[in-house]
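Trainee: Sequence:
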Amino acid sequence: MSGAEDLARLKQTIDTTNELLLSPEVKMIDIGGGEMRPTNAMVMTNLATLLGGAMPYASVALGLAGTSAGTNFSVLSSAQDEYVNVYRNEAGAAVFVDSYPNSKAVAEIREDINTFDSSWSDAATEFVGEDEFVVAEFLDDGSLEMMGGRLANEQNGLGLYDLAGNPMAKFGANESDINDLVLERTSATGVEITDELDFIYPGGDFSGADDSTSSASQGAFVALELNQQQMTDHMAVIDYSQSLGVGFGSAPVISTTQPYNNLMLASGTKVRAGDPGYNATAYIPLVETLRDEDAETPVTGLCNGVTRRAVEDGELAANWVFVGCAPGRGGQSVEALGPNGNGDYQKLIQLVKDQAALSKSLDKSYSVWAYAWIQGEANYSTTGSGATATKSAYKYAQLELELFDGLSREVAGITGQKFRPYLFTYQVGAHRRYASDTMQIALAQWRASRQRPDVVVAVPVYIFPTLGDLLHLTNEGSWLLGEYFSRAMYETMIRRNGKWRPLEPVCVDWAADHIDIKFHVPSGQLVLDTALAASAPNFGFDIRESDTVATSIISSVSVTAFDTVRIALSRTAASDAVLSYARGRPGDPNASGPVSGARGNLRDTHGLYDTAESPLGNIFALHNPCVMFEYSRKTGF
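Letter by letter, the sequence shown follows residues 250 to 886 of my numbering.
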């Protein structure tokens with residue numbers, strides 16, 4: 250290469266360097282070979298932008314000299330953890346504004362903790378690992394969010410949730426729940442394993458004790474599954490109730506022939522194990538017989554109704570053989586019929602053992618399919634077993650569920666079945682018969698059905714005809730009650746249409762001048778009439794303010810859609826107002842039943858499509874009456 254060429258190349262390099270360092274233009278320059286570099290003006294402009302417009306200078310004095318009043322400039326800092334300090338030129342004086350940390354300081358901060366916005370809370374504290382990934386977040390509400398979930402404070406312990414907020418486990422001093430596996434501290438010796446409804450699995454007592462007196466401690470280790478019922482040769486239906494369930498006064502009996510293959514013990518439906526006349530040596534056709542004052546029970550109508558519906562649906566009657574029994578006792582509270590009561594509970598367990606043994610001796614399989622619970626009147630009473638019986642809705646529901654949960658544990662130990670029997674109930678309507686203005690037991694029965702998937706309210710009892718005592722049912726009324734139970738059982742357990750639900754409210758929209766109530770309608774549409782019960786004021790709807798009936802506040806009641814009732818109001822209701830249905834009013838007769846008892850006039854039109862013929866030859870349209878309910882503006886249903 251010649252000297253001229255070297256000079257030319259050197260000149261080009263000098264010119265490019267001058268342009269990079271001295272050009273006032275903010276631009277990129279080609280320095281050769283296609284490689285681009287920014288001019289110093291561009292570098293300083295970008296740096297000033299990052300520093301909020303504060304152009305860097307070598308010293309404060311140069312910054313003041315190079316800027317006009319009111320503008321910012323920056324100076325390299327000598328501090329170990331700082332990059333630059335920013336000043337403002339205020340009439341020739343440098344006013345400190347802020348400092349920017351260097352990269353080392355930023356890294357040290359990130360290795361410690363820093364506040365941030367969390368998806369769970371407005372502010373939180375972050376913990377990072379050595380790789381600077383977030384490993385946990387402390388939230389303002391005291392909870393700890395980790396990569397796999399969140400640990401939160403609960404009322405009685407700690408809760409563990411996934412990142413979507415779904416509960417995975419709860420830990421407490423007395424009870425912990427891990428994906429529905431509940432660990433609970435009890436006074437019992439050893440370990441008991443229960444399911445989510447507190448059923449103790451047969452064979453699940455690991456105490457080592459020899460509890461040979463309880464069938465629940467025997468048999469295979471199984472979980473009782475709901476809606477997993479299996480057809481057996483003999484399927485028991487147990488009507489365990491007080492007087493309405495044993496047919497007190499419902500004479501003469503009318504179910505005197507068996508149209509299918511349903512069975513009962515040789516001693517009949519009503520004789521309890523160990524009582525005079527009890528005979529568990531043979532089965533005979535299921536019919537109703539008179540025993541003292543107990544006559545037509547609902548259980549025969551129930552069993553025959555289920556079989557009839559199965560046959561109408563194309564099933565063979567020979568495959569649906571139900572063993573009916575009604576070993577309850579009149580005038581008994583829920584406490585008296587329970588495991589710590591008058592002994593009838595233990596007699597019932599013995600009856601199940603005897604039926605299971607008898608079926609086995611006949612080379613027939615046996616299981617318990619369902620319970621019918623027709624009880625509640627005695628818990629309104631203030632005499633007999635009712636004198637000490639609970640009047641609390643909460644306590645009643647607790648006792649009812651404990652009774653049948655315990656019974657199912659015993660049943661599983663006896664039969665070895667792996668499915669849980671359903672509990673079918675009525676809704677008691679006798680509060681006014683016992684001079685009570687509240688209907689706590691009826692509400693407890695309805696609420697239990699709303700809460701528990703194995704509890705089914707078949708029908709409220711206020712529509713069934715009563716005897717002259719305005720309490721107990723006529724023979725045809727008792728049979729008809731069983732027929733309503735049969736529909737609930739058939740739809741739930743054989744058709745498997747899902748759990749049967751009665752005509753019941755699902756939501757309330759309470760406005761200043763009206764109330765709209767939306768209902769679950771089993772079939773057809775809503776109707777307000779006297780087809781099922783005598784006319785009641787406002788068709789059975791009332792509003793109480795300060796626990797007093799506001800007799801003039803309801804101006805009209807009407808059906809506005811197939812599933813909606815509108816109650817027009819003459820004025821705005823008080824904030825403590827309670828809407829009730831079929832509760833009645835103070836001063837009403839001390840009676841139950843469809844004529845003078847607490848009642849309502851809302852029904853559906855199911856009976857247009859579903860009828861039943863009684864043993865007396867009368868045809869009944871099986872419309873569904875609305876359940877008795879209350880809705881508080883303060884607490885809801």
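FYI, nobody ran anything at the bench for these hints, they're computed from the structure. Warning: the hint list may mix true and false statements.
To be verified - Cross-link-like lysine-lysine pairs, in silico, DSS-like; alpha carbons within 30 Å at most:
1. LYS767 with LYS667
2. LYS667 with LYS596
3. LYS748 with LYS640
4. LYS883 with LYS644
5. LYS667 with LYS419
6. LYS596 with LYS640
7. LYS767 with LYS644
8. LYS667 with LYS613
9. LYS596 with LYS644
10. LYS609 with LYS596
Trainee: Has the given pair, LYS767 with LYS667, been kept, meaning a C-alpha gap of at most 30 Å?
Mentor: violated, 38 Å
Trainee: For the pair supplied as a hint, LYS667 and LYS419, is the alpha-carbon distance within the 30 Å limit?
Mentor: holds, 28 Å
Trainee: What's the verdict on LYS883 and LYS644, does the C-alpha distance respect the 30 Å limit or exceed it?
Mentor: This hinted pair holds, its Cα atoms lying about 22 Å apart.
Trainee: Holds or violated: LYS767 with LYS644, Cα cutoff 30 Å?
Mentor: holds, 29 Å
Trainee: Take a quick look at whether LYS596 and LYS640 sit within 30 Å of each other, Cα to Cα.
Mentor: Judged against 30 Å, a Cα distance of about 26 Å means the pair holds.
Trainee: Compare the distance between the alpha carbons of LYS748 and LYS640 with 30 Å, and conclude whether the hinted pair is satisfied.
Mentor: holds, 28 Å
Trainee: Would you check the hint for LYS667 and LYS596, treating anything up to 30 Å between C-alpha atoms as holding?
Mentor: It holds: about 23 Å lies between the C-alpha atoms, which stays within 30 Å.
Trainee: Starting from LYS667, check that the Cα of LYS613 is at most 30 Å away, please.
Mentor: Holds. LYS667 to LYS613 sits at ~17 Å (cutoff 30 Å).
Trainee: Does the alpha-carbon distance linking LYS596 and LYS644 stay inside the 30 Å limit?
Mentor: holds, 24 Å
Trainee: Is it true that the CA of LYS609 sits at most 30 Å from the CA of LYS596?
Mentor: Holds. LYS609 to LYS596 sits at ~20 Å (cutoff 30 Å).
Consistency note: the structure conflicts with earlier hint 1 alone.
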